[in-house]
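K.L.:
Now for the letters of each chain:
There are 2 protein chains.
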Amino acid sequence: MTPAENPSRGARDAFVVVDWGTSSFRGWLISADGTALAESRGSEGMLHCAGGAGFAPVLGDHLARLGAPERAPVLICGMAGARQGWVEAPYIKTPTRLDALHEGAIRVDAPRDIRILPGIAQGEADRPDVMRGEETQLLGVTESDFTGLVCIPGTHSKWIRIEDGRVVEFSTYMTGELFSVIAQHSILAHAVEPTGPTPADSPAFRAGLGAALKAPTALTASLFRLRAAQLLGFEQRADGAARLSGLLIGTELADAIGRHGSPRSVRLIGAGALGRLYEMALAARGLDVTTIDAEQASRRGLAKAAIRIWGAT
Amino acid sequence: MTPAENPSRGARDAFVVVDWGTSSFRGWLISADGTALAESRGSEGMLHCAGGAGFAPVLGDHLARLGAPERAPVLICGMAGARQGWVEAPYIKTPTRLDALHEGAIRVDAPRDIRILPGIAQGEADRPDVMRGEETQLLGVTESDFTGLVCIPGTHSKWIRIEDGRVVEFSTYMTGELFSVIAQHSILAHAVEPTGPTPADSPAFRAGLGAALKAPTALTASLFRLRAAQLLGFEQRADGAARLSGLLIGTELADAIGRHGSPRSVRLIGAGALGRLYEMALAARGLDVTTIDAEQASRRGLAKAAIRIWGAT
Chain A
38 MTPAENPSRG
48 ARDAFVVVDW
58 GTSSFRGWLI
68 SADGTALAES
78 RGSEGMLHCA
88 GGAGFAPVLG
98 DHLARLGAPE
108 RAPVLICGMA
118 GARQGWVEAP
128 YIKTPTRLDA
138 LHEGAIRVDA
148 PRDIRILPGI
158 AQGEADRPDV
168 MRGEETQLLG
178 VTESDFTGLV
188 CIPGTHSKWI
198 RIEDGRVVEF
208 STYMTGELFS
218 VIAQHSILAH
228 AVEPTGPTPA
238 DSPAFRAGLG
248 AALKAPTALT
258 ASLFRLRAAQ
268 LLGFEQRADG
278 AARLSGLLIG
288 TELADAIGRH
298 GSPRSVRLIG
308 AGALGRLYEM
318 ALAARGLDVT
328 TIDAEQASRR
338 GLAKAAIRIW
348 GAT
Chain B
38 MTPAENPSRG
48 ARDAFVVVDW
58 GTSSFRGWLI
68 SADGTALAES
78 RGSEGMLHCA
88 GGAGFAPVLG
98 DHLARLGAPE
108 RAPVLICGMA
118 GARQGWVEAP
128 YIKTPTRLDA
138 LHEGAIRVDA
148 PRDIRILPGI
158 AQGEADRPDV
168 MRGEETQLLG
178 VTESDFTGLV
188 CIPGTHSKWI
198 RIEDGRVVEF
208 STYMTGELFS
218 VIAQHSILAH
228 AVEPTGPTPA
238 DSPAFRAGLG
248 AALKAPTALT
258 ASLFRLRAAQ
268 LLGFEQRADG
278 AARLSGLLIG
288 TELADAIGRH
298 GSPRSVRLIG
308 AGALGRLYEM
318 ALAARGLDVT
328 TIDAEQASRR
338 GLAKAAIRIW
348 GAT
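In the order they appear, the protein sequences are chains A and B.
Under our numbering, residues 38 to 350 are what the first sequence spells out, in order.
Under our numbering, residues 38 to 350 are what the second sequence spells out, in order.
Rather than coming from a laboratory, the hints here were simulated on the basis of the structure.
From a predicted model like this one, the values you see are computed outputs, not experimental measurements.
A portion of the hints provided could be inaccurate.
The list that follows gives simulated cross-link-like pairs (lysine-lysine, DSSO-like), each with its CA atoms no further than 30 Å apart [what the hints assert, rightly or not]:
#	chain 1	residue 1	chain 2	residue 2
1	A	LYS251	B	LYS251
2	B	LYS130	A	LYS251
3	A	LYS130	B	LYS130
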């Protein structure tokens, strides 16, 4: 079959891939072999579009900026596929093969071929969990026979167990969100000075991390101790944010590492200062860490799926 | 020595005791033998008074309402003695005898004999902690040779180890405050319907409690699962508050009970629905629970200390 025979399914010269999150849009024009040719990014995330701007007009603007060919198909991952997004792309259930992700993509009703990749749900009643966007990053950083553990730090950190290319189990930790909520709205607001990102060599971060790894059931007491330490003059307010970060990341690591039977290595999908904190913390626990940039992971995952849908066969 | 010989130290007919918290005032006129003769309560807590109303005028109003004799002395516990309160009553350090608490009381500069009881601080750098107000409740519910564990649930729950009448160690858990901030300001706000107090027989509370006791390091993941369970249709939004409460209380109990080597009994200073939740949860863990009403504990502790200061010798 050649493109001329079946233009809607055959190989294309180029396609557009989009990581469409809650509050951001990142799009790339990709050649048939997966090379990024152009990039367009903006703050028109799912909330912005669902809130009135609409998804089609925002995508149209970015396609123009990318100089996308008129018939180039578009593959999207992320919150645009949520129930409150553009078109819902229902979760596929674990266990599921990452290289079959594109088969769950949902077509948008539009003249152009636009599809949205599904998220993944863990449907067991005692460990329910969901991801949307991260599944595409996982596809981007794993070989089709990969077995191992992947960590994706963030607002909602994820730890994913992959066996022979299949997502078999995962857990989401509210680490980043708890940091924000506690630092802004709890009594610890007095103990946490708003500062820039915590550097990985911060002694207060390491102290918090160590305390949590040593006493991983004590989080809710350790939080109060952070405040008490300052009241009693043991610690400076300037160290509050770093210690809070250490306590929350340490609690996550202790549970995740314990749960997976003290693994020897982990792939870390990280970026910036937060990625470096996790890198340091995981290495300190004796794990071999391979770090892959989060944005690159999304783009590579999208490109892989797009090639499976529209690439030369 | 008789009252006539030393009116400032001798036995009095009556005195006034006040539990002056962050956002409440509770005062009692007490006879020389500790019996409550009258009660006066209001919302003029420490924040209200420090914010402009002043402490002396508020106390004056309540003394009038109580019909307190002109020379009746006043003993206060709670946040009125904090740094940001009326007069700071510095923390006394653990280990400390509860029946010597009154010796740390600070005199307010006023014509009447007004004293504020100190809080207790745990000064070790690796487990810093503070209490202010709870020390008086502890005095109220323990005999002078008491050995055992006391739990005081609340915004900042406290677990206190007492040996032969001395506070030797304690931990504060941010359980109640975390419930509020998470329910109001996190993504779980969508999963937690504002409801009345959780009944102790709520299946969702018991499920959350059980999950936390089984996996006490998993709190930050269990919180996200609460949301995921609703997204996937396993749970109703109406059950969110009860489950969140169960998760947080269960995490506190697992740590506190583990820390104290699985004790066989505990004195619970509780009140209302929250007290009943702890009662049920502790009993379910096989502990003998003796519950004492929180307000009664404060009043009895204040009366005990007042009698030591001003009572007949």
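K.L.:
Okay, which hints does this one fail, numbers in order?
P.N.:
3
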